[in-house]
Amino acid sequence: MSEVKFTIDGKVVGGQAGQSILKAAEAAGIYIPHLCAYKKLIPHGSCRICSVRVNGRIQAACVQTISDGMVVENEIAEIREFRKAILDMLFVEGNHYCMFCEKSGLCELQALAYRFGIAAPQFPYLNPDRHIDLSHPDVYLDHNRCILCGRCVRVSQVLDNKNVFQFVGRGYRKRLQVNGEALSGTSLTLTDQVTASCPVGALVKKRVGYLVPVGQRPFDLKPIGIECPQETKA
Amino acid sequence: MKKALATVVEDICRRYGSDRSRMMDIVLAVQQRLGCVSTEAMEIIAREVNSHRVEVESVVTFYAFLSVKSQGKVIIRLCNDIVDWMKGYEAVADAMAKELGVTMGETTADGAITLTHTPCIGMSDQAPAALINGVVVPNLTPERGRQVIRDLRRHLDPPQLITMVGDGNNAHPLVRSMVRNNIRRRGPVHFDGFESGCALQKAIEQTPEGVIAIIRASRLRGRGGAGFATGQKWEFARNAPGDKRYVLCNADEGEPGTFKDRVLLTERPDQVFEGMTIAGYALGSDTGIVYLRGEYAYLRAFLEKVLEDRRQRGLLGKGILEKKGFDFDIRIQLGAGAYVCGEETALINSCEGMRGDPQNRPPFPAQKGYRGCPTIVNNVETFSAAARIMQRGAEWFAEMGSERTTGTKLLSICCDCRKPGVYEVPFGITARELLDMAEADNPGAMLIGGPCRQMIGPERFGGQICYDDLATGGAILIFNRARNKLEIAEHYLDFFIEESCGHCTPCRVGLVLLKKAVHKVVSGAGEPADLDYMRRLANVIIQTSRCGLGQAAPNPVLGALQNFHAYTDLVGERKSGLLSTFDLSKAVGDAELRVGRMSQYV
Chain S
0 MSEVKFTIDG KVVGGQAGQS ILKAAEAAGI YIPHLCAYKK LIPHGSCRIC SVRVNGRIQA
60 ACVQTISDGM VVENEIAEIR EFRKAILDML FVEGNHYCMF CEKSGLCELQ ALAYRFGIAA
120 PQFPYLNPDR HIDLSHPDVY LDHNRCILCG RCVRVSQVLD NKNVFQFVGR GYRKRLQVNG
180 EALSGTSLTL TDQVTASCPV GALVKKRVGY LVPVGQRPFD LKPIGIECPQ ETKA
Chain R
0 MKKALATVVE DICRRYGSDR SRMMDIVLAV QQRLGCVSTE AMEIIAREVN SHRVEVESVV
60 TFYAFLSVKS QGKVIIRLCN DIVDWMKGYE AVADAMAKEL GVTMGETTAD GAITLTHTPC
120 IGMSDQAPAA LINGVVVPNL TPERGRQVIR DLRRHLDPPQ LITMVGDGNN AHPLVRSMVR
180 NNIRRRGPVH FDGFESGCAL QKAIEQTPEG VIAIIRASRL RGRGGAGFAT GQKWEFARNA
240 PGDKRYVLCN ADEGEPGTFK DRVLLTERPD QVFEGMTIAG YALGSDTGIV YLRGEYAYLR
300 AFLEKVLEDR RQRGLLGKGI LEKKGFDFDI RIQLGAGAYV CGEETALINS CEGMRGDPQN
360 RPPFPAQKGY RGCPTIVNNV ETFSAAARIM QRGAEWFAEM GSERTTGTKL LSICCDCRKP
420 GVYEVPFGIT ARELLDMAEA DNPGAMLIGG PCRQMIGPER FGGQICYDDL ATGGAILIFN
480 RARNKLEIAE HYLDFFIEES CGHCTPCRVG LVLLKKAVHK VVSGAGEPAD LDYMRRLANV
540 IIQTSRCGLG QAAPNPVLGA LQNFHAYTDL VGERKSGLLS TFDLSKAVGD AELRVGRMSQ
600 YV
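Top line first, the protein sequences correspond to chains S and R. Per numbering that gives the first Met the number 0, the very first residue in the first sequence carries number 0; after that it's consecutive. Per numbering that gives the first Met the number 0, the very first residue in the second sequence carries number 0; after that it's consecutive.
Just so you know, the hints here were simulated from the structure itself, not pulled from any lab data. Hints should not be assumed to be uniformly reliable.
[Unchecked claim] Calculated Cβ distances over 10 Å to all of chain R for the following chain S residues:
1) 6
2) 11
3) 72
4) 80
5) 89
6) 92
7) 97
8) 119
9) 130
10) 147
11) 168
12) 195
13) 224
[Claimed, not checked] Quick list of simulated restraints, FRET-style, between CB atoms:
14) 49/R - 206/S: 35 to 41 Å
15) 588/R - 188/S: 42 to 48 Å
16) 123/S - 597/R: 27 to 33 Å
17) 136/S - 68/R: 27 to 33 Å
18) 188/S - 206/R: 57 to 63 Å
19) 588/R - 172/S: 29 to 35 Å
20) 128/S - 150/R: 53 to 59 Å
21) 211/S - 518/R: 43 to 49 Å
Backbone N, C-alpha and C fix where the C-beta goes; we use that ideal spot for every residue, glycine too.
Throw the hints in and build the complete structure from the sequences for me.
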């Protein structure tokens, strides 16, 4: 692999050919906000939070590979507005009530909203009618909070060697589906890596939600992206 | 009964070698045979092809022509494209629904007939039209619609609805369709005579590199609309590392208002297949796939016959034209109702038996496409043009057209004009000339390239059809001055919302939000701030969406805002200091009811 030099907001960054902008930035200690990218999984490119301007065009940093002399703009007003808009879209698409969600302080969506200073979404709420699957003894799935990032789909396939989750439907009707009538009918177990992969409060372990009190959780203490070991580091 | 279902589904799976990558064919066959792909059927398929039920469900729920729940024996899919609306869709839908005693989307109580709608089926020159179990019924009127229902109730056999057949190969016994070609202008590239094998013979006298050089010299660019240089694409794929290479033909003509590929496939399939075979030779590929949109399934048997004839004549198969080592064959992959599959990476996914979600790029298909191998995806018309270029030479081709865009273009012209149909014209022709040719009726706007491209007003009718000015994949829609452009834009937004794959946030959610805003303005409740809000939101969607669908979907809205409306047309006057969106009488209505008297201020 050959060494590649490019810039992010004017700072020269080195990386390996074939590496994504996101990975290279991370290795150089530069934070690019992201949601669907996770560990060593193939990037999903779906949330678009990691959108950056690359040689003038908007690209997803998790997908776009680096090349010599590439000019990446990350912390600029235009990109900031795009990211805020996309975060707002994720909020209004589902039903997110941070104040009584047990994932508060651990939720990456919430943490990003704080980082971007979002007090209330700029778009009208869509108030979808979604259900909660409580059938499994150890894990529950609250579709109200699902942001369709596909982490669980990929983790279950790649890291757990199962196929518990998949997307069904398309467009705004697209939703997460489990391989069975309900979660309890799938091969999911508490020790599967997938149970720790959800960035929001959609796939949640039962009975451990309040072991760490609200206010003392990682994102309560340190905002996301500040000395915060990123999930993508594997 | 259960055993019977299992046997049927297993047999279908085995017909396709229980190959996971032939999932599209499997689920389409199950749908056709059983009227749906039930949960039980999905379990069996998953077991047979060594997959998971949820994986099968993921595919089935992606395509509009597949369903998990049982539908009527006969499914009437009435085309609800904007052109059909303008030609009387509502009255036809109403008449058919009343005659059936159901509302849109419902099935009759006896389970016999389902009435539903579908986006553009490629019949905009003979709208309103419907697909009834695959049988095209064009030029519907309320009376004709009622008659169709009465006939169906009697025999429940859609082919019996065919009382007369269209022109050309529409009358071929393997097509037998009521569709008309409406070829209004025949050009030298696609509609001159074509003798099978003539172009291929010339190709194999060259080296594969020589063939690519000729295509490059002709400066042929992709006819699907994006306009990528065809020779260059072929060269990339030829030079990319890989054991196998694939030639894919994009016959998923889904852009609303486009139907020229339908006519080409009806009248010139031989030339199209020959172009693919030439590409196969140039790339060193032995497999071609035609991805045929589900709406054109009525052409399938005919196309299979054309392929079989070519095999018989040594133009497909092993040792083509007795050239040792030149092996190439073509299979047809049927789609199942998904506009986004016209995007090349989505098309590849669909050919591999998966959801038609576009893929992240890079890698590009020329590097890693079908089954991870170097792949070219070209439009039907591009292959047809490539065959003609091999036959008559690059120079002959490059002399036609405009300075920077060579050759001719097939256009599908429709809506407010007297002569809708297919026109082969040289590039460089002006929009105004098209209006004259089609005998447009008081034109106020043109949609060049369909909703994914641009809407222009009269001040741009002098523009030229070419990649540098008015680029189009073939759709030309003419709207008269009386049409409300923002209403048209709203209609297309509904279309894009339905057809979005839902993968990325801005397209999946942003379009729904944009539609809400547009609707508010169209319904007369617009605020000054709404115009800016729409532009801002549209920009986020265009800039950050993953594929061409999201990047293009807001175009009709922006076009309508830029070209056609003075600010005052869009936003209502303020009433007595209140925002026009605020309906005072509605706001106090509930309270009035409770207290039992009317407010004196309303």
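Now for the hints, and whether the structure bears them out:
For residue 6/S, the requirement that its beta carbon stay farther than 10 Å from each beta carbon of chain R is met, with the minimum near 20 Å. Non-interface call for residue 11/S relative to chain R: holds, since the shortest CB-CB distance, roughly 23 Å, exceeds 10 Å. At roughly 13 Å from the closest C-beta of chain R, the C-beta of residue 72/S stays outside 10 Å, upholding its exclusion from the interface. Remark: the non-interface label on residue 80/S conflicts with the geometry, its nearest Cβ contact in chain R lying 8 Å away (cut-off 10 Å).
A beta-carbon of chain R is positioned within 10 Å of the beta-carbon of residue 89/S; the least distance is around 6 Å. Chain R draws residue 92/S into its interface by the beta-carbon criterion, the shortest separation being 5 Å against a cut-off of 10 Å. Distance check for residue 97/S against chain R: the nearest CB is about 19 Å away, which clears 10 Å, and the non-interface claim stands. Listed as a non-interface residue, residue 119/S keeps its Cβ farther than 10 Å from every Cβ of chain R; the least gap is roughly 15 Å.
Look at residue 130/S: its CB is around 17 Å from the nearest CB on chain R, clear of 10 Å, so calling it non-interface holds up. In this structure residue 147/S is not separated from chain R by more than 10 Å, as the shortest Cβ-Cβ distance comes to only about 7 Å. Consistency note on residue 168/S: stated as away from chain R, yet its beta-carbon is not over 10 Å from all of that chain's, at 5 Å minimum. Look at residue 195/S: its CB is around 21 Å from the nearest CB on chain R, clear of 10 Å, so calling it non-interface holds up.
The beta carbon of residue 224/S is kept farther than 10 Å from every beta carbon of chain R, the shortest such distance being approximately 19 Å. Roughly 36 Å separates the CB atoms of residue 49/R and residue 206/S, a value that falls within the hinted 35 to 41 Å. Checking the proposed 42 to 48 Å range against residue 588/R and residue 188/S shows it is violated: the Cβ atoms sit about 55 Å from each other. For the pair residue 123/S and residue 597/R, the supplied restraint of 27 to 33 Å holds, since their beta-carbon distance comes to about 31 Å.
About 31 Å separates the C-beta atoms of residue 136/S and residue 68/R, a value consistent with the hinted range of 27 to 33 Å. As the Cβ distance of residue 188/S to residue 206/R is approximately 59 Å, the hint placing it in 57 to 63 Å holds. Between residue 588/R and residue 172/S the beta carbon distance is about 34 Å. The supplied range of 29 to 35 Å therefore holds. Judged by the Cβ atoms, the range 53 to 59 Å given for residue 128/S and residue 150/R is violated: they are separated by roughly 40 Å.
Separated by about 45 Å at the C-beta atoms, residue 211/S and residue 518/R satisfy the suggested range of 43 to 49 Å.
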